[in-house]
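Visitor: As a plain string of letters, each chain reads:
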Amino acid sequence: MSSPLSAIRGVAAALVVASITLCGVTSISQAQEKVRVAFLVKNLGNRFFDAVRDGGTEAAKELGNVEIIYVGPTSATAEGQIEIINSLIAQRVDAIAISANDTNALIPATKRAMQRGIRVVSFDSAIAPEGRIIQVDPSETKLIGAKQVQMMADAMGGEGEFAILSAASTMTNQNNWIAAMKDELKDPKYAKMKLVTTAYGDDQSDKSYRETLGLFKSYPNLKGIISPTSIGIVAAAKAVTDQNLVGKVHVTGLGLPSEMKAAVEAGATKSFAIWNPIDLGYTTTQIAYNLVKGTVKGVPGDEVPTGRMGKVKVGENGVVVMSEPFTFDKSNVAEYAKVF
Amino acid sequence: MNPSTHSSRPSLASLAKRREIVLLVLIVALLAAVGARAPVFLTPSSLADVLTDTAILLMLACGQMAVILTRGIDLSVASNMAFTGMCTALLSKYHPELPIVVTLALAPLIGFCLGAINGALIAWVKIPPIVVTLGTLSAYRGMIFVLSGGASVVTHEFSRPYLDFPRQTLFGVPALLWIAALVCAGMAVFLTLARTGRSLYAVGGNPLAARYVGIGIERCQFLVYCLSGTIAGLCGYLWVSRYAIAFTEVAFGYELTVIAACVIGGVSVAGGIGTVSGCLLGGLFLGIIGNALPVIQVSPFWQMAISGLVILCAVIVNSRGEARKGKLILRDRSPSEPQIRPETA
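Quick mapping for you: the protein sequence lines, in order, are chains A and B. Going left to right, the first sequence walks through residues 1 to 340 as this note's numbering numbers them. Going left to right, the second sequence walks through residues 1 to 345 as this note's numbering numbers them.
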């Protein structure tokens, strides 16, 4: 199954690369002096990353001489991202900010970029330390894990069986969050909550939906599902609504207000969380700009000025941490749904 | 399903039947094995879920089969589906007042147009089907970006009827299943009773002979891609409505599942052989695997390997049957093989 699929992805990626290269040629001649920051996201057509870009654009406007290039593969693969990195190197952008589809696979490509003087930072989903200068964590893994367990406990009344519906079993951030959730569950106050299984929906609606139906069948006493992925949480909430299990099975996790509005209104989801992607894009752009201008090196202990977000401190392994995720429920989901 | 009018080759029909019986036995064995581990899988409501979940695959497999019968292949079905799904989703978002009938008519129409592009390029411009549909696979998916600007359409943005229609029940059966039944039955009638439907077998089985007896090969080719496209379009709406989200990656790579369903169902990739009932069994087989693996709690790392292995086994069983069939055709037709190569003029 993998080889024809990757061939197809290759074709898709090639098309994307071709279009980027075309765009690149025109912009090189237009803007000699501008600092060009490329946002390479996991995949296009994802509102979360669109909001990240909006934050980047906001920072670019403030800084004045920054140009944001927004690129990504059509599907969330490391191969697609590598091809795009190569084309960005050819375009000689000044900085690349990446949300990685694989912790290690991108390292050779990003190392090549750094050798050519391009400042590489990763945000959201990290690249291993040797493949980038700074990683911007929208929130801390531990906080994200804890938050989701708290929301689950709140929705299901602190006791019963629940399951996790993740994306692909190889995704870095998903696995880190799941590990953090398991850590949080060791707290005695969650003693009556039992994590029964972790299912993988591969960030495809149909597979996530099918896996959710499978969970209902395998665990008739299931009281909750945590899905730390925006596609999984929508599919799980839809399955709960379709099977008339609203009130019996509670869905929570990480999702976008615009995509979760219906689930919250239907009652399938009481609350869910996400960090602010606009702030994430804004901060990442500020950091990339400072690295390009040479005001900071990006070594642990550095303090980077980040405009309206104040200052961030570079921690161990070059990790910058923002804040704890923001919770959405009936009271505020409609308002934020208009934004992202 | 038994084409009794073609009494000149009863062996073919009986072979096809035997293969379907083998597949049926396989499916029953699969159900029994899953049921032994997780009895809940065999409850009526659970089986109904499996059927509903597989309905879209069954329709697409029927369309794909018609294409494969003529020695072609339609790789663009999933992209066609995603594009049509996005079109109907945007329409529902910006014109929620439009009655559902409009969507139901428009979706197959858009799919038909996309299929007709494939068909025209293959039948009259004479580009090989795999090249054309590989191209349109990318092109149609690319068009979704152009159309939507990369943004998704999500649950609360759809109109109520758009989401509710496939779930509405008639005699306790959801509309989605009624539509699937109609499409599959229509396809079965077309392929067994209609003259054009029968001629598809001739076009794939022996193009030269088909031309000698006056069958318009180009017309048949054009027709099958239109058919496949139309079904894909209809399925596009049904898919988006089922999962209540339209985004660029809808059904990414799904064309391979559709083709796998056909191959498992005994449709010969060399053309000319295949039945709707075989296709349905092939689709059901995949649907049951897809739904059963999560329930019997196999590690996700094993799931892909297992489903691949099972598909491989089914294909091996099938190709053994086919090998015998192939010899029969050659013996029946002509002593020199080169003659049955498709001509280009």
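None of these hints come from the bench; they were simulated from the model. Treat the hints loosely; a few may be bogus.
Computed cross-link-like contacts, SDA-like style, restricted to lysine to any residue with a CA-CA straight-line distance of at most 20 Å [said to hold, decoys possible]: (1) Lys192(A) x Thr141(A); (2) Lys111(A) x Ser139(A); (3) Lys189(A) x Asp154(A); (4) Lys338(A) x Pro174(B); (5) Lys330(A) x His156(B); (6) Lys34(A) x Val299(A); (7) Lys338(A) x Ser299(B); (8) Lys248(A) x Leu90(B); (9) Lys338(A) x Lys93(B); (10) Lys330(A) x Phe340(A); (11) Lys93(B) x Lys194(A); (12) Lys93(B) x Lys189(A); (13) Lys189(A) x Gly160(A); (14) Lys93(B) x Val339(A); (15) Lys93(B) x Tyr336(A); (16) Lys338(A) x Gln297(B); (17) Lys223(A) x Gln297(B); (18) Lys338(A) x Ala151(B); (19) Lys182(A) x Pro96(B); (20) Lys194(A) x Tyr94(B); (21) Lys93(B) x Ser148(B); (22) Lys93(B) x Lys223(A); (23) Lys248(A) x Ser45(B); (24) Lys93(B) x Lys111(A); (25) Lys338(A) x Pro96(B); (26) Lys338(A) x His156(B); (27) Lys338(A) x Gly149(B).
Quantities reported herein were computed from a predicted structural model and do not represent experimental measurements.
Visitor: State for each hint whether it applies.
Guide: Hint-by-hint comparison with the structure:
1. Lys192(A) x Thr141(A): Not OK: Lys192(A) and Thr141(A) at ~24 Å, beyond 20 Å, violated.
2. Lys111(A) x Ser139(A): With a Cα-Cα distance of about 26 Å, the restraint between Lys111(A) and Ser139(A) is violated, given a limit of 20 Å.
3. Lys189(A) x Asp154(A): With Cα atoms ~12 Å apart, Lys189(A) and Asp154(A) stay inside 20 Å; holds.
4. Lys338(A) x Pro174(B): violated (33 Å)
5. Lys330(A) x His156(B): holds (14 Å)
6. Lys34(A) x Val299(A): violated (25 Å)
7. Lys338(A) x Ser299(B): Violated: Lys338(A) and Ser299(B) sit about 39 Å apart, past 20 Å.
8. Lys248(A) x Leu90(B): Not OK: Lys248(A) and Leu90(B) at ~33 Å, beyond 20 Å, violated.
9. Lys338(A) x Lys93(B): Cα-Cα ~14 Å, so holds.
10. Lys330(A) x Phe340(A): holds (16 Å)
11. Lys93(B) x Lys194(A): violated (40 Å)
12. Lys93(B) x Lys189(A): violated (45 Å)
13. Lys189(A) x Gly160(A): Holds, at about 13 Å.
14. Lys93(B) x Val339(A): The given pair, whose Cα atoms are some 17 Å apart, holds under the 20 Å limit.
15. Lys93(B) x Tyr336(A): holds (19 Å)
16. Lys338(A) x Gln297(B): violated (39 Å)
17. Lys223(A) x Gln297(B): Holds, at roughly 18 Å.
18. Lys338(A) x Ala151(B): The hint holds at about 13 Å.
19. Lys182(A) x Pro96(B): violated (44 Å)
20. Lys194(A) x Tyr94(B): violated (44 Å)
21. Lys93(B) x Ser148(B): holds (12 Å)
22. Lys93(B) x Lys223(A): Given that 20 Å is the threshold and the Cα spacing comes to 33 Å, the pair is violated.
23. Lys248(A) x Ser45(B): With a Cα-Cα distance of about 18 Å, the restraint between Lys248(A) and Ser45(B) holds, given a limit of 20 Å.
24. Lys93(B) x Lys111(A): Outside the cut-off at roughly 44 Å; violated.
25. Lys338(A) x Pro96(B): Answer holds: Lys338(A) to Pro96(B) is near 18 Å, not above 20 Å.
26. Lys338(A) x His156(B): holds (12 Å)
27. Lys338(A) x Gly149(B): Distance ~17 Å between Lys338(A) and Gly149(B) Cα, so the pair holds.
In summary, the structure is inconsistent with hints 1, 2, 4, 6, 7, 8, 11, 12, 16, 19, 20, 22, 24 from the numbered list given earlier, while agreeing with the others.
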